[in-house]
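Chemist: Required output: the full structure, derived from the provided sequences and hints.
There are 2 protein chains.
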Amino acid sequence: MGDPVTIALDAMGGDHGPSVVIPAAAIALVRHPNMRFIMVGDRDQIAAELKNHPDLAAKSEIVHSDIAIAMDAKPSQALRNGRWKSSMWLAIQAVRDGQADSVVSAGNTGALMAMAKFCLKTIKGIDRPAIAAIWPTVDAECIVLDVGANVGADTRQLVEFALMGGAMARALLGMDKPSIGLLNIGVEEVKGVEQIREAAALLKSAPLPIRYHGFIEGNDIGHGTVDVVVTDGYTGNIALKTAEGTAKQIAQYLRAAMSQSILSRLGAVLAQGAFQALKEKMDPRQLNGGIFLGLNGIVVKSHGGTDATGFASAIDLAYEMASSGVVKRLGDDIAQYHDKLELDGAA
Amino acid sequence: MGDPVTIALDAMGGDHGPSVVIPAAAIALVRHPNMRFIMVGDRDQIAAELKNHPDLAAKSEIVHSDIAIAMDAKPSQALRNGRWKSSMWLAIQAVRDGQADSVVSAGNTGALMAMAKFCLKTIKGIDRPAIAAIWPTVDAECIVLDVGANVGADTRQLVEFALMGGAMARALLGMDKPSIGLLNIGVEEVKGVEQIREAAALLKSAPLPIRYHGFIEGNDIGHGTVDVVVTDGYTGNIALKTAEGTAKQIAQYLRAAMSQSILSRLGAVLAQGAFQALKEKMDPRQLNGGIFLGLNGIVVKSHGGTDATGFASAIDLAYEMASSGVVKRLGDDIAQYHDKLELDGAA
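Protein sequence lines, in the order shown, are assigned to chains L and B.
Each residue of the first sequence is one higher than the one before, starting from 221 at the first, in this note's numbering.
Each residue of the second sequence is one higher than the one before, starting from 221 at the first, in this note's numbering.
I should point out that these hints are in silico values taken from the structure, not numbers from a laboratory.
Since no wrong hints were added, every one of them can be taken at face value.
Any copy, or any two copies together, can satisfy a pair, since identical chains are not distinguished.
Capping the alpha-carbon separation at 27 angstroms, the derived lysine-lysine pairs in DSS-like fashion look like this:
| hint | residue 1 | residue 2 |
| --- | --- | --- |
| 1 | Lys499 | Lys468 |
| 2 | Lys294 | Lys424 |
| 3 | Lys344 | Lys548 |
| 4 | Lys560 | Lys341 |
| 5 | Lys560 | Lys337 |
| 6 | Lys341 | Lys548 |
| 7 | Lys501 | Lys468 |
Modeler: Right, here's the structure in full:
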């Protein structure tokens, strides 16, 4: 069963608040019985939901907060109104103070990143945190970062993303030397913008515990060409959402195709087990959660509009991040390798 | 049947040359019997292939060229070695000289763009040509540009892409006022990089025959939220390839799911008509072709590795671009609206 892992939950985050967060925790607890929770938010609302889940209630501590960060709050607003006291802040603070191993919030990304940076601080040496996503590939999964913490990335940040993504793959996916590719618009060395070419030159000779693969293109992500895909937050976010949109679109085609004739409807009934497996594989809720990397603590961001199944996936991720020792690996790798990267001259 | 439309084909372009290009033309000719072809390349190889297609031979003129541009040639090399004489150049030249209405090549993109710019020249007033792709949506299709002519785009170029994409939608999709969205990482006005925010401000008040929708995200492309998606060539290329990769990945999941049990295999047999329709909908060969916009003539770039079915789609596209009068529409719209855009102060 393993050592207990404590997850702090921003119970008021997301479009639905406690009515999704608490049932999600109940789902996740069944899968990982050694979890404990710190539920932060309106005490009455949380307690009312917990009444339906006595097993969960026994493993949960409620921390009251009157203040919930609005889904459309600007980061600066959120910090001004919510620092020290909002459910989002107090959940993050539980990680900072060592009461929780990781925190999950479905609150708005900008506010969550601003508060997480302010509260947990960026790991010494790292310029900017990144958001990493776990991306399903044909055979397994890969890690893609940054998917939206920043609107761009310079050479130094790209190399640091490679270092952090590599550490995450080493801890979470149990790889010694994960392969790393830089997302670009062609595989030739002359292609792409300057900071990507410079990052490539640095990574090729960098003394990191990774295998630098070279440039990869958009179609290589889902193909599983590399274990870690490094890109700037603008491009990574658009790639991620484009892939989600494409999967949804194909699911709609499939439904339409399977209902077009009596034979195809009959075929669909016979193959419903297979369709169920496919549906699960394509279900974005199964891989719900962006991981903030580069902070002194693990923060998992869930989609704001997700349901309990989706939020439970984000909790699973926070559990795996905590129990696989990603933060320690990240810290160790940064301490051991960051100084050896020749980032001083990098733009 | 309509007026004859003449397509110039770079018969030596792509991974397979005449053995794909000629059969592709035969396929396209069946669909559009009013097509004529100018086949540029090695006379003997082309003539040998045409022997198998007498109907096509009757509609084809061969223009001999000894020189084929290598698939890995750099644009500067291609221009130095291939200008005035390569199959790629002579095919483009047929458009410049009014002998052909449009040209199709599966040769390398950089070389094709460099030669097309040199030979056809950019339309007066337009800063940079773009490559437009036709992207399938849930209900129809949309136009996405730039998907790789440039590695970035400034404010002025983004606004010009909107003007050009709008003209293409007006001519090709027969819309009066197509809706246009700027691809971004969030729909709020404060999001994204500076040139995108500036382009948004200009487009909002621009006297163009479009409906400016606002920012859209990656998942909106396939959802069909807008008729024209404007983005820089780096992001557009990665989005396009990510979507192609995702579609391929899901097709693999689907095949695996449908063969996992006797029942699902039986279901797949019953539903094979539906699967065939789905396969065609998801087949990237059905929408093969990047359209160079902003030049004094139509150039369609086919995937280099495609087969005759795919290359025939690119020929269809060149036919539709020519017969729907896109170049005239583009020229007229630029003449009428470009001066009214306040691009002087734009970065």
